[in-house]
Amino acid sequence: MLKGIVLVCNNDFKIEEFLYNSFRNLVFSRGDGSLYSICDNEEKLKLDEFIKQIKNTGAAFNWEINVSFKNLTKPLKFSGSKLDRNFFVFGLETNNDVPFLYEELMRINNEQSNYIRQILKNRFMNTQMERPDEDVLNELSQVNNQLANVQRELSKKNVELNKLNQLKNHFLGMAAHDLRNPLGHIYNYAELVENDSDNLTDMQLQFIGVIKSQSLFMLNLVEELLDVSSIESGEVVLDLQGVNIVEFIRTNIHMNKHLANKKSIKINFNPSGREIFIKIDQKKIDQVLNNLLTNAIKYSEQNTEINVEVKDIDSLVQICIRDQGLGIPDDEINNIFKPFNTTSNVSTGGEQSTGLGLFISKRIIESHKGKIWVKSEVGKGSEFYFTLLKDLK
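Heads up: the sequence shown at position 56 corresponds to 1146 in the working numbering, and the numbers run straight through without jumps.
Keep in mind that a hint or two might mislead.
[Claimed, not checked] Between beta-carbon pairs, the in silico distance windows are:
1) 1419 x 1279: 39 to 45 Å
2) 1232 x 1442: 52 to 58 Å
3) 1247 x 1384: 44 to 50 Å
Derived from the structure by calculation, the hints contain no laboratory data.
Quick reminder that beta carbons are idealized off the backbone N, C-alpha and C, glycines included.
With these hints in hand, go ahead and build the complete structure from the sequences.
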């Protein structure tokens, strides 16, 4: 069976028609209906060059471009040609499928498919058939040698990068560890001075408050840097214990309510049952819940609501934290779980963010063999989901 797609695109490379599509789990990453929408986001530059070549020369052959599917990306061999006022583009698993594509188009009896068959015959099939076997073998041999050289160089670079990454994590951990105690002393001394405030002016108390808030922020940053150092070094060790996840989350919500109360934000808890027992590292999952709940509070206006849901789904437990906050712009969602990433949104109460919380949360959930993702709409809020296995071993 022919594995691939055949498209007709307009001059802006918006998809006008699917003439053939053997894939049922094709994913559209963008809503504009363009050729870009079915390709992996990291392939944009390559796709730009592919389209440019078709427009400039009338045709482009054998471009390997990754296409997005439901659970993976897959490379297809893309070729394309000018088609009257439109463009004809096809992506196949291998170039050996071109004759099968020709046969498939034979079954589509219309003027457009006849024209495309003629293009295939003249530009693609004849080009392949006319080349001597010896030339093809020589070219394949050269390409194979080049690939082998590139592979060797890539392996060397990967070894070097791994060593540098380990060194970076080592120094990062050392620096963060050495900073933790002095910052803790600064916070404690500021708190002592604040408690003995009889001889302090309002301005001095305000300065003490700034010292406390900034030192606490730096302490949290240091703790997160230590977490990142541990995660990047591959040292995520789980202390798995059985727990009723419903009561565990209820306790976490109670601990975070004082932050929500400052903004008059109501946190609703909606579990699907009273008891769902699973095995987790309680400290780490508590950290994930803290990150997600505090983020929801940070980016929500006063007098709004946050809903926390727990669903029992077969072998999984799914947790959702839904807010009525600012929402995340579409072009920023793909980077939301990357380290030191912050969105263009400003927290509604001036709270600070390190840009590490979601990255750490993702790694913790993945270490529990779960998944974490987000749905968001600007002006309406965000929904953060994560799953946990019931029987993690």
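Going down the list of hints, with the structure as the test:
| no. | hint | result |
| --- | --- | --- |
| 1 | 1419 x 1279: 39 to 45 Å | 41 Å, holds |
| 2 | 1232 x 1442: 52 to 58 Å | 56 Å, holds |
| 3 | 1247 x 1384: 44 to 50 Å | 39 Å, violated |
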